[in-house]
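Listed here are the chains, written in short residue letters.
Protein chains: 2
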Amino acid sequence: MRKSGVTVVVALSLGAVAGAALAQAKPEQLVRQRQAVMILQGKYFGPLAGMAQGKAPYNADIVRRNAAFLDNLSRMPWDAFDPATKDVKSNALPAVFEQQDKFKEAASRLENELHKLYEVSRSGDENAVKTQIGAVGKACGACHENFRQKQ
Amino acid sequence: MRKSGVTVVVALSLGAVAGAALAQAKPEQLVRQRQAVMILQGKYFGPLAGMAQGKAPYNADIVRRNAAFLDNLSRMPWDAFDPATKDVKSNALPAVFEQQDKFKEAASRLENELHKLYEVSRSGDENAVKTQIGAVGKACGACHENFRQKQ
Numbered sequence: 001m002r003k004s005g006v007t008v009v010v011a012l013s014l015g016a017v018a019g020a021a022l023a024q025a026k027p028e029q030l031v032r033q034r035q036a037v038m039i040l041q042g043k044y045f046g047p048l049a050g051m052a053q054g055k056a057p058y059n060a061d062i063v064r065r066n067a068a069f070l071d072n073l074s075r076m077p078w079d080a081f082d083p084a085t086k087d088v089k090s091n092a093l094p095a096v097f098e099q100q101d102k103f104k105e106a107a108s109r110l111e112n113e114l115h116k117l118y119e120v121s122r123s124g125d126e127n128a129v130k131t132q133i134g135a136v137g138k139a140c141g142a143c144h145e146n147f148r149q150k151q
Numbered sequence: 001m002r003k004s005g006v007t008v009v010v011a012l013s014l015g016a017v018a019g020a021a022l023a024q025a026k027p028e029q030l031v032r033q034r035q036a037v038m039i040l041q042g043k044y045f046g047p048l049a050g051m052a053q054g055k056a057p058y059n060a061d062i063v064r065r066n067a068a069f070l071d072n073l074s075r076m077p078w079d080a081f082d083p084a085t086k087d088v089k090s091n092a093l094p095a096v097f098e099q100q101d102k103f104k105e106a107a108s109r110l111e112n113e114l115h116k117l118y119e120v121s122r123s124g125d126e127n128a129v130k131t132q133i134g135a136v137g138k139a140c141g142a143c144h145e146n147f148r149q150k151q
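Residue numbers (our numbering), protein chains in the order written: chain L, 1 to 151; chain R, 1 to 151.
I should point out that these hints are in silico values taken from the structure, not numbers from a laboratory. All of these numbers come straight from a predicted model, not from anything done at the bench. All C-beta atoms in this analysis are idealised placements derived from N, C-alpha and C, irrespective of residue type, glycine included. Accuracy of the hints is not assured; some may be wrong.
[Stated by the list, open to error] Calculated lysine-lysine pairs in the DSS-like style (CA-CA distance at most 30 Å, straight line):
#1 R:K150 to L:K26
#2 L:K86 to L:K138
#3 R:K26 to L:K138
#4 R:K116 to L:K116
#5 R:K89 to L:K26
#6 L:K89 to R:K89
#7 R:K26 to L:K150
[Stated by the list, open to error] If you want the footprint, here are the derived chain R segments under chain L, 3+ residues with CB under 8 Å:
#8 29-39
#9 61-73
[Said to hold, decoys possible] What follows is a set of in silico ranges between Cβ atoms, one per label pair, in the way DEER data are often shown:
#10 R:Q24 to L:G54: 18 to 28 Å
#11 R:E98 to L:D101: 48 to 58 Å
#12 L:N59 to R:E28: 22 to 32 Å
#13 L:R122 to R:R122: 12 to 22 Å
#14 L:Q100 to R:N91: 28 to 38 Å
#15 L:P57 to R:D82: 15 to 25 Å
#16 L:N112 to R:K102: 38 to 48 Å
#17 R:T131 to L:T131: 42 to 52 Å
#18 R:N91 to L:I62: 22 to 32 Å
#19 L:S108 to R:A135: 30 to 40 Å
#20 R:E111 to L:K26: 23 to 33 Å
#21 L:A135 to R:N127: 39 to 49 Å
#22 L:N59 to R:G54: 38 to 48 Å
Assemble the whole structure, with the sequences as input and the hints as a guide.
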């Protein structure tokens with residue numbers, strides 16, 4: 001009986017999750033989703049920036065793990081910058097929606113630089129990794145400069 | 001001049017990111033980080049649950065992409081369930097901190113089931129994928145049942 005009870009509960013949860021996902025995502029939910037990606041990009045990029053600046057000891061294992069996470073994370077935020085979210089309070093500037101081509105270019109640049117970081121992190125070349133961490137930082141900064149409210 | 005100005009701005013941003021990451025993460029920040037992972041797991045698992053339940057058409061490309069994202073995401077939340085966060089308001093039950101072995105077991109189960117989903121999503125066997133989506137749903141549900149406040 002217990003087993004079957006658990007199965008029912010799980011089936012209901014799966015249904016609830018599916019229902020929520022299949023409904024059109026609300027603008028506020030999209031904003032939470034893209035902010036979630038930015039939080040995690042900060043979590044996994046911060047230590048790499050520290051290593052590149054010599055503020056933390058270089059750790060190739062952490063670099064490899066974080067670079068793989070970041071390579072994935074960099075592809076997650078963009079569909080949540082939907083025009084439907086333009087009136088939701090967030091740090092996104094109107095330029096995100098008004099200059100979509102430029103925004104997509106900045107997004108692609110981040111994806112490309114992080115994919116390169118993923119690849120170079122596999123090479124074990126510490127100097128190349130640090131240079132590429134700098135290139136990623138510039139891609140973050142360029143997008144924030146043009147498309148995010150000053151912090 | 002402009003180029004050098006941009007470089008300075010970027011260097012400062014990299015320093016700020018590095019500084020924030022190298023400081024001990026505050027409990028509230030850890031909670032935001034783990035909640036961010038849960039939001040994104042919901043974003044990418046929801047559509048798969050819908051496909052497994054026949055509520056949405058099966059799309060092997062989306063399955064492959066989401067399974068890869070989820071395989072990564074499943075490894076991100078756990079270090080943020082630090083004992084330092086036990087008094088921060090969240091949906092985590094005290095059991096997370098009081099039954100750490102059980103919690104780690106539930107966490108590993110999710111990681112394992114999502115890694116299997118990643119592998120099976122590469123096989124192109126729709127039935128095997130749907131079965132494995134169900135196994136992932138059970139791993140989500142089992143952890144929520146024991147370690148998350150009822151929603």
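To see whether the hints hold, each was checked on the structure:
no., hint, verdict
1, R:K150 to L:K26, "holds (23 Å)"
2, L:K86 to L:K138, "holds (25 Å)"
3, R:K26 to L:K138, "holds (26 Å)"
4, R:K116 to L:K116, "holds (27 Å)"
5, R:K89 to L:K26, "holds (25 Å)"
6, L:K89 to R:K89, "holds (23 Å)"
7, R:K26 to L:K150, "holds (23 Å)"
8, 29-39, "holds (count 6)"
9, 61-73, "holds (count 4)"
10, R:Q24 to L:G54: 18 to 28 Å, "holds (20 Å)"
11, R:E98 to L:D101: 48 to 58 Å, "holds (53 Å)"
12, L:N59 to R:E28: 22 to 32 Å, "holds (26 Å)"
13, L:R122 to R:R122: 12 to 22 Å, "holds (20 Å)"
14, L:Q100 to R:N91: 28 to 38 Å, "holds (36 Å)"
15, L:P57 to R:D82: 15 to 25 Å, "holds (22 Å)"
16, L:N112 to R:K102: 38 to 48 Å, "holds (42 Å)"
17, R:T131 to L:T131: 42 to 52 Å, "holds (45 Å)"
18, R:N91 to L:I62: 22 to 32 Å, "holds (29 Å)"
19, L:S108 to R:A135: 30 to 40 Å, "holds (35 Å)"
20, R:E111 to L:K26: 23 to 33 Å, "holds (30 Å)"
21, L:A135 to R:N127: 39 to 49 Å, "holds (44 Å)"
22, L:N59 to R:G54: 38 to 48 Å, "holds (46 Å)"
Every hint from the earlier list agrees with this structure, and none is contradicted.
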